[in-house]
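Q: Single-letter residue listing:
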Amino acid sequence: KAGVTQTPRYLIKTRGQQVTLSCSPISGHRSVSWYQQTPGQGLQFLFEYFSETQRNKGNFPGRFSGRQFSNSRSEMNVSTLELGDSALYLCASSLTAGAEETQYFGPGTRLLVL
Amino acid sequence: AQSVTQLGSHVSVSEGALVLLRCNYSSSVPPYLFWYVQYPNQGLQLLLKYTSAATLVKGINGFEAEFKKSETSFHLTKPSAHMSDAAEYFCAVKPTGGFKTIFGAGTRLFVKA
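Residue numbers (our numbering), protein chains in the order written: chain L, 238 to 351; chain R, 3 to 115.
Check before you lean on any hint, since a few could be wrong.
Unchecked claim - Keeping only pairs whose Cα atoms sit at most 20 Å apart, straight-line, the calculated SDA-like set for lysine to any residue is:
hint : chain 1 : residue 1 : chain 2 : residue 2
1    : L       : K294      : R       : P97
2    : R       : K70       : L       : T317
3    : R       : K102      : L       : Q274
4    : L       : K294      : R       : V39
5    : L       : K294      : L       : Q281
6    : L       : K294      : R       : K102
7    : R       : K71       : R       : R24
8    : R       : K60       : R       : K71
9    : R       : K70       : R       : A89
10   : L       : K294      : R       : T98
Stated by the list, open to error - Distance ranges between label pairs, derived from CB positions:
hint : chain 1 : residue 1 : chain 2 : residue 2 : range
11   : R       : H12       : L       : Q254      : 32 to 42 Å
12   : R       : S86       : L       : L332      : 25 to 35 Å
13   : R       : N43       : L       : L320      : 13 to 23 Å
14   : L       : R300      : R       : T98       : 28 to 38 Å
15   : L       : R267      : R       : A55       : 40 to 50 Å
16   : R       : A55       : L       : T317      : 40 to 50 Å
17   : R       : R110      : L       : L248      : 17 to 27 Å
18   : L       : I249      : R       : Y41       : 15 to 25 Å
Everything labelled a hint here was simulated from the structure, so no lab data went into it. Glycine included, C-beta positions come from ideal geometry on N, C-alpha and C.
Between the sequences and the hints, there should be enough to build the whole structure, so can you do that?
A: Structure representation (structure tokens):
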């Protein structure tokens, strides 16, 4: 079974631009979560989607948004990019949204904002 | 609020020595607990998880962790370190009934030949 895939793997943008990252979960998984990983802040939860509904959102500004499609694929969008948005963005999928569910992570998208 | 503390941002061991990575959590009720490993330029891989079935949890690659409620700890151990164990390790907690996984700051493990 194919793992979680994220595209693109690397991205360079300039301040003020917007970016869209994509995540394809493992087949059959209906829950997708997004995390931001930076050296200074570590791994921080962005949001979680289950059956096309956002179930929970982390403490990030409104510039960060996401959505999930009927096939469980998910996208996250960051508008008006800032230098501090440079990070590794990780997507994780799980079968359901239960707390005990194992999350399977993708390789991440490394975003560099210049 | 839930939180996770990993003691030691860097741990160095010799090949063949015991690996001990420490994790303490704060929670009013025992949560679900996880250990993940991250190799350079890769995502996170689950090593093991505690879901209240057994206090000693065995994971992949010879790792195990023991849940100690009285100490609110979930330390990760491996009897004999291998060079391939060099990576960053994250302890994580998710409250029962909760949505958000909270990660510790991570511990980078170095293995010396």
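Q: Give a verdict on every hint.
A: Tested hints:
Using a Cα cut-off of 20 Å, the hinted pair L/K294 and R/P97 holds, with the two alpha carbons roughly 15 Å apart. Annotation: proposed proximity of R/K70 to L/T317 is violated, straight-line Cα distance about 45 Å (limit 20 Å). Between the alpha carbons of R/K102 and L/Q274 the distance comes to roughly 15 Å, so the proposed pair stays at or under 20 Å and holds. A distance of roughly 24 Å separates the Cα atoms of L/K294 and R/V39; the hinted pair therefore is violated under the 20 Å criterion.
In summary, the hint linking L/K294 to L/Q281 is supported, as the alpha carbons are separated by about 11 Å, within the 20 Å threshold. Our distance criterion of 20 Å between C-alpha atoms is met by L/K294 and R/K102, whose separation comes to about 8 Å. This hinted pair checks out: R/K71 and R/R24 have alpha carbons roughly 14 Å apart, not beyond 20 Å. Distance check on the hinted pair: R/K60 and R/K71 sit about 17 Å apart at the alpha-carbon level, within 20 Å; holds.
At most 20 Å may separate the alpha-carbon atoms for a hinted pair to count; R/K70 and R/A89 exceed this at roughly 25 Å. Of the supplied pair hints, the one linking L/K294 and R/T98 holds, its CA atoms being roughly 17 Å apart against a limit of 20 Å. Under the hint 32 to 42 Å, the C-beta atoms of R/H12 and L/Q254, about 36 Å apart, fit the expected range. Between R/S86 and L/L332 the CB atoms are about 29 Å apart, so this pair conforms to the stated range of 25 to 35 Å.
Judged by the Cβ atoms, the range 13 to 23 Å given for R/N43 and L/L320 holds: they are separated by roughly 22 Å. Between L/R300 and R/T98 the Cβ separation comes to about 32 Å, which falls inside the hinted range of 28 to 38 Å. Taking 40 to 50 Å as the suggested C-beta distance range, the pair L/R267 and R/A55 does not conform, at roughly 24 Å. In this structure, R/A55 and L/T317 meet the distance hint of 40 to 50 Å, their C-beta atoms being roughly 46 Å apart.
Between R/R110 and L/L248 the CB atoms are about 25 Å apart, so this pair conforms to the stated range of 17 to 27 Å. Hint check: L/I249 to R/Y41, Cβ distance near 23 Å, so the stated range 15 to 25 Å holds.
This entry does not satisfy hints 2, 4, 9, 15, going by the numbered hints stated previously.
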